[in-house]
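Asker: Working from the sequences, and respecting the hints, build out all of it.
Residue numbers (numbering that gives the first Met the number 0), protein chains in the order written: chain V, 0 to 331; chain D, 0 to 331.
One or more hints might be untrue.
No copy is singled out in the list; a pair is fine if it fits within one copy or between any two copies.
Stated by the list, open to error - List time: in silico EDC-like cross-link candidates among lysine to aspartate or glutamate, alpha-carbon distance up to 16 angstroms:
(1) K316 with D244
(2) K1 with E210
(3) K199 with D38
(4) K1 with E227
(5) K199 with D244
(6) K1 with E114
(7) K1 with E118
(8) K1 with D209
(9) K316 with D12
(10) K199 with D76
(11) K199 with D182
(12) K316 with D209
(13) K199 with D6
(14) K1 with D208
Note that these hints are calculated values from the structure, not bench results.
Number of protein chains: 2
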Amino acid sequence: MKKLVNDPDDIIDEMLDGMTAAHPDYLQRLPDTQVMVRDDAPVDGEVAVVSGGGSGHEPTHAGYVGDGMLDGAAAGDVFSSPTADEFEALIDACDGGEGVLCVIKNYEGDVMNFETAIELVEMEGVDVETVVVDDDVAVEDSLYTSGRRGVCGTILVHKAAGAKAAAGADLDEVRRVAQKVIDNVGTMGMALTSCVTPEKGEPTFDLGDDEIEMGIGIHGEPGTERTELMDADAITEELTRNVLDDLDPDAGQEVLTIVNGMGGTPQMELFVVNRRLQALMDEHGLETWDAWVGDYMTSLDMAGCSVTVCAVDEELKELLDAPADTPALTTR
Amino acid sequence: MKKLVNDPDDIIDEMLDGMTAAHPDYLQRLPDTQVMVRDDAPVDGEVAVVSGGGSGHEPTHAGYVGDGMLDGAAAGDVFSSPTADEFEALIDACDGGEGVLCVIKNYEGDVMNFETAIELVEMEGVDVETVVVDDDVAVEDSLYTSGRRGVCGTILVHKAAGAKAAAGADLDEVRRVAQKVIDNVGTMGMALTSCVTPEKGEPTFDLGDDEIEMGIGIHGEPGTERTELMDADAITEELTRNVLDDLDPDAGQEVLTIVNGMGGTPQMELFVVNRRLQALMDEHGLETWDAWVGDYMTSLDMAGCSVTVCAVDEELKELLDAPADTPALTTR
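Answerer: Below is the structure:
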C-alpha cells in the first residue's frame with residue numbers, strides 16, 4: 000500500500016490533529032472524540048447546522064466548518080458512520096439555543112446513529128430537525144443505503160443552510176432551504192480506478208486497464224455499469240445525461256454545476272470535463288449561474304469524477320453566494 | 000492510460016477553456032494563445048505580476064490569477080515552457096503602465112523564453128524586472144535546470160509580490176519583496192508513484208511497490224534517493240530535515256509551512272503529514288504562523304507531497320495575509 004500513513008489504525012486521529020494544526024482559527028476538536036466544531040462554538044442565538052459521516056471524503060465534512068456553513072462535523076472511521084455518542088457530542092457542542100439542523104447523507108449507519116443521538120439530545124431539550132441528502136441519481140438502492148445515496152450535492156446543502164442560519168433564520172426556515180437544495184440537485188460519479196482503504200491496503204474493486212465504472216458511490220461500492228474506457232467528453236455526456244434525466248429542468252433554468260474530483264484526479268482533467276459540461280448546459284438551454292471545479296467530496300485516492308447539477312432560483316442563488324469562510328470553501 | 004482526456008494533443012487547450020468556463024469572473028484567455036490574464040487586465044496604475052511555465056502543475060499558475068496575486072500566467076504544454084511569443088503576449092496584456100514583474104521558476108526553458116520576451120517588450124518601452132525562484136533544496140542541478148529548481152515556494156512569491164503591487168508599490172519594491180520570499184523559503188518533495196503524462200501514457204519513472212523516491216521535482220524527473228517505503232512520520236522528518244538544514248532558521252523564528260499534494264494524494268494523507276510537520280516545528284523551536292495544506296503545485300497525477308518552510312517577518316506576514324481573491328486561493 001502506497002500511502003502517507005503511519006499505523007492505519009491511527010489515521011483518522013492523526014488526520015484530525017493535522018487538520019486542527021492547520022486551521023486552529025477555524026476548528027477545535029472535542030476532547031476524546033472525532034468531532035470537529037467551530038473554534039467559537041456554540042454560536043449563541045443562531046441555528047446550528049451540523050453534519051458528519053465516514054472519513055475518506057475530505058474535505059467533507061470538517062473542511063466546511065466555519066462562518067456561513069457548518070457549525071461542526073463528526074468524522075467516523077474510514078467509510079464508517081460516527082457513533083451515536085459522537086453525533087450526540089456534536090449536537091450538544093453546537094447548539095446555541097436556537098436549535099440544530101442535522102444534514103445527513105443517506106447511508107443506513109449515518110441515519111441510524113444520527114437518529115439515536117437526536118433522541119438523546121431531544122430529551123435534554125434541544126430542538127433538532129433533519130434533512131437527508133440523496134442526490135446520487137445512479138442507483139435506487141446500494142450496499143449501504145435504502146434509497147439513493149447522498150454524495151457531492153451535500154456541500155450545497157451545507158452552504159445554503161449555513162447561510163440561512165447565519166442570516167438569523169429560525170430552525171424551520173433553515174430546514175426548508177436545506178430541503179429545497181435536496182429537491183433540486185442531482186449527481187452522478189464514475190471511477191477510472193478503485194480507491195484503496197488504509198485498513199485493507201488494496202483496491203476495493205478490480206478494474207481492468209481499459210475499463211471504467213460508471214455510477215459509483217463514494218465508498219468503493221460498485222457502480223451501475225462497467226464499460227470500456229471512454230474519452231472525457233463521452234464520460235461527461237453520460238454522467239450529465241443521467242443527472243438531467245432525473246432533474247428534468249425547464250429550458251432557461253439557471254444552474255450551479257460541480258465537477259468534483261474523487262481524490263486522485265488532477266485538476267487538469269477536471270477542467271477538461273468542465274469544458275464539455277458547460278457546452279452541454281448550453282445545448283440543453285440551461286444557464287450556468289456558477290461552475291465549481293475541484294475536490295469537494297472524495298473517495299480516498301480514487302481517480303474519477305462526479306458531475307452535479309443544481310437548479311437555482313433567486314433564493315438559492317443568494318444563499319449559495321453569501322459569504323462563507325471555511326478551510327475548504329471561501330466565498331465573499 | 001487512465002485519464003479524463005480526449006485527444007492528448009488537445010488537453011491544454013481544453014483545460015484552459017474549461018478553466019475560463021469555470022471562472023469567467025476571474026479569467027480571460029487571450030485569443031489564439033495559452034495565456035490567461037485577469038478579466039480586467041491591464042490594471043492601470045499598478046505594477047503587474049506575471050508568471051508561467053509548463054502545464055501539469057495546476058492550480059499553478061492560472062489558478063492564482065486575480066486580485067492580490069497574479070495579473071496573468073502563460074501555460075506551456077505539459078512540462079514544457081511557454082514560447083517567447085506567449086510570454087511577450089502575457090507581459091503586453093498585463094502592463095498597466097507601471098511595469099511588470101516576471102516570476103520565473105528556475106528551469107532553463109522558462110528562463111530563456113522569458114528573457115527573449117523581455118528583450119522584445121523592453122524595446123516597446125515596457126519596464127520589466129524578474130525574479131527567479133529556486134526553492135527546491137533537494138538538488139543543485141537537474142535534468143531541466145542549472146541551479147536549484149523552482150517549486151511550491153513560488154506560490155508565496157506570487158502572493159507577496161501580488162499584495163505589494165495591489166498596495167500601490169513601485170516595480171523595485173515589488174521585486175524586492177518577491178526576492179525576500181525567495182531568500183527565505185525552502186521546499187523538498189517526494190513521490191510514492193510516478194506521474195503519467197498524457198502524451199506518453201505511461202509512468203515517467205518506474206518505482207517498485209515498496210519503493211519511494213525522495214527529492215523529486217515536479218516534472219517526473221528523478222529524485223536524489225530511492226528508498227524503501229517509509230511511514231508518513233519518517234518521510235516528513237526526512238523532508239523537513241533537509242529544508243531546515245538549508246534554511247537554517249534561528250530558534251523562535253516564525254514560519255509559514257506548506258504541505259503540498261502532488262496531484263494524486265488524498266487530503267487525509269496531507270493532514271497526517273502536517274501533524275508531524277507541526278510537531279517538528281515545535282521541536283526545532285520554530286513558531287508556525289500559518290500552515291497551508293492542499294494541492295498548490297502539482298505534478299499531474301503523482302502521489303506524494305512536498306514540504307515548504309518560509310521564514311516570515313512582519314513585512315512578509317502582512318503581505319501573505321493581505322486579501323487575495325483568485326480561483327485557487329482566497330484570503331480575506
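Asker: Tell me, which hint numbers fail for this structure?
Answerer: The structure breaks hints 1, 3, 5, 6, 7, 9, 11 and 12; every other hint is satisfied.
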